[in-house]
Structures are given as structure tokens and as C-alpha cells.
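Starting from the known structure of chain A, fit chain B onto it as the hints suggest.
Protein chains in written order, with our numbering: chain A, 2 to 111; chain B, 106 to 224.
Keep in mind the hints are simulated off the structure, nothing from the lab.
Since the structure is predicted, the reported quantities are computational estimates derived from the model, not experimental observations.
Keep in mind that the hints are not guaranteed to be accurate.
To give an idea of the chain B side of the interface with chain A (calculated C-beta under 10 Å), a few residues [said to hold, decoys possible]:
1. 137
2. 140
3. 142
4. 144
5. 151
6. 152
7. 198
8. 200
9. 205
10. 208
11. 211
12. 212
13. 217
Beta carbons are placed, not taken as given, at the ideal position from N, Cα and C, and that holds for glycine.
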Amino acid sequence: DILMTQTPVSLPVSLGGQVSISCRSSQSLVHSDGDTHLHWYLQKPGQSPQLLIYRVSNRFSGVPDRFSGSGSGTDFTLKISRVEPEDLGVYYCLQSTHFRTFGGGTKLEL
Amino acid sequence: EVHLVESGGGLVQPGRSLKLSCAASGFIFSDYGMAWVRQAPTKGLEWVASISFGGGSTYYRDSVKGRFTISRDNGKNTQYLQMDSLRSEDTATYYCARHEELGWYFDFWGPGTMVTVSS
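Isolated chain A (complex conformation) (with noise of 0.2 Å):
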């Protein structure tokens, strides 16, 4: 089974600055169609996860360009910069390329 490891578990932030999470995996992410199949989540408190990133750097439909991801093989990030207080919650890898396994999470806090 695919291992998805993300670090750190809780990343404290202030407001404005920038931030980055990592993301490994136990296996290459490149699947036999050529492409990678890593995405991003947040999870904001009491609310379920919505979709940031798919395809290690694509943003989805409405995401800001705050929000950037990138990565290869088995080390991705995800960066958000100017951060604001709606991006507080927890953030969870997903990669897609052999079944599908979440990362642990990463706590974004003030």
C-alpha cells in the first residue's frame, strides 16, 4: 500500500505570510497515462474538505492564485502565500495513482 507522509502536523502562520507543506509518498505518483496524480484539500473546522489542487498543480474552479502546488515523483508541496484567516484548517494530500490514500493532515493555525 501507498504511505503518504505529510509534514509537519501542525504549522503555525501569521496572517500575510507564506507557508508550505510537504507531501512524499512511499512510491512514485506517475502513473502509466503520464500523468501525476496528487491533489489538495482543506478541510476548514466543522466543515468537510473541499477540493485546492488537483494534478500536483492545478487550481480548482474558484481557488486563489494564493494557493500553488508542485512536486514530482513522490516530494509535492503545496504553498499558500498572503495568508488569510479563512485558510485556517487542515490540509490533506490525496494521491490517486494506485488506489487512494490520504496524507495524515497538516494543521494550518494562527
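What follows is chain B alone, placed relative to chain A:
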């Protein structure tokens, strides 16, 4: 606007059954695969099961194979999760989620329904 609403959660004893439903609106339900994702209290997200747009293909995580059955009724714009032989470790909030068109990720989620397995 895509709208997903789960129902059917509650308190159930170990070994018993429960059936969850997810009513969909705002999109052509029969064009999309659907899934269930769960989250145990204070824990992370865990994919449970998926079903193809026509219902002909289903997929499960190992820990629920043989106990859970995902199904759908495209005429009613509803998907289901039949959960049998429930265990305490199945206690979680269960989210209904829509697969994006090619099925690689979940683009919309419902608010979730809580299932508690306890005697």
C-alpha cells in the same frame, strides 16, 4: 450548483447493519462516479468505496470488503452505502463525494453523516 446530502447515520450496535444514502442535485448524476470517504473522530480522511457512473464497477478498501456494499440509483439521483457487520473502528463521519469526470479525484463533498458503532 452541485449539492450532495447524506442521511442514515446514527448509533448502532457492533455486528448490526446500517444503510447510508446520498441525494445528489445540480448535475447529471448518471455522468459521474461517486464515492464514500470517512473520518474517524479527531482523525484524518480515509477513502472507503467508489462506484462507476453506471454502477457496473465498484471498488472498496480492504478493511470493508465483504462487509460494505456501494450502490446507486441513477433514476433517483442517489447513492448508497450498505454497511453490515459493523465494528467499533467503523465509527466515523461518512462523506459522500463526487468523482471528477475521469474519476481521479473528488471535486465536491457533502456535509457528512455520523455513524457510531457502540454497545
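Hints and how they fare:
At about 14 Å, the closest approach between the beta carbon of residue 137 (chain B) and any beta carbon in chain A exceeds 10 Å, and the interface hint on this residue is violated. A distance limit of 10 Å between C-beta atoms decides the matter here; for residue 140 (chain B) the minimum to chain A is near 8 Å, and the interface restraint holds. Look at residue 142 (chain B): its Cβ gets to within about 8 Å of chain A, closer than 10 Å, so that hint holds up. Because the closest C-beta pair between residue 144 (chain B) and chain A is about 8 Å apart, less than 10 Å, the hint holds.
The criterion of a C-beta within 10 Å of any C-beta in chain A is met by residue 151 (chain B), whose closest approach is roughly 7 Å, and the hint holds. About 4 Å separates the beta-carbon of residue 152 (chain B) from the nearest beta-carbon of chain A, less than 10 Å, and the hint is met. Look at residue 198 (chain B): its Cβ gets to within about 9 Å of chain A, closer than 10 Å, so that hint holds up. Nearest Cβ of chain A to the Cβ of residue 200 (chain B): about 6 Å, under the 10 Å cut. The hint holds.
About 7 Å separates the beta-carbon of residue 205 (chain B) from the nearest beta-carbon of chain A, less than 10 Å, and the hint is met. At its closest, the beta carbon of residue 208 (chain B) sits 8 Å from a beta carbon of chain A; the interface hint therefore holds under the 10 Å criterion. Because the beta carbon of residue 211 (chain B) sits about 7 Å from the nearest beta carbon in chain A, less than 10 Å, this interface hint is met. A distance limit of 10 Å between C-beta atoms decides the matter here; for residue 212 (chain B) the minimum to chain A is near 5 Å, and the interface restraint holds.
The interface hint given for residue 217 (chain B) holds, since its Cβ lies 6 Å from the closest Cβ of chain A, which is under the 10 Å cut-off.
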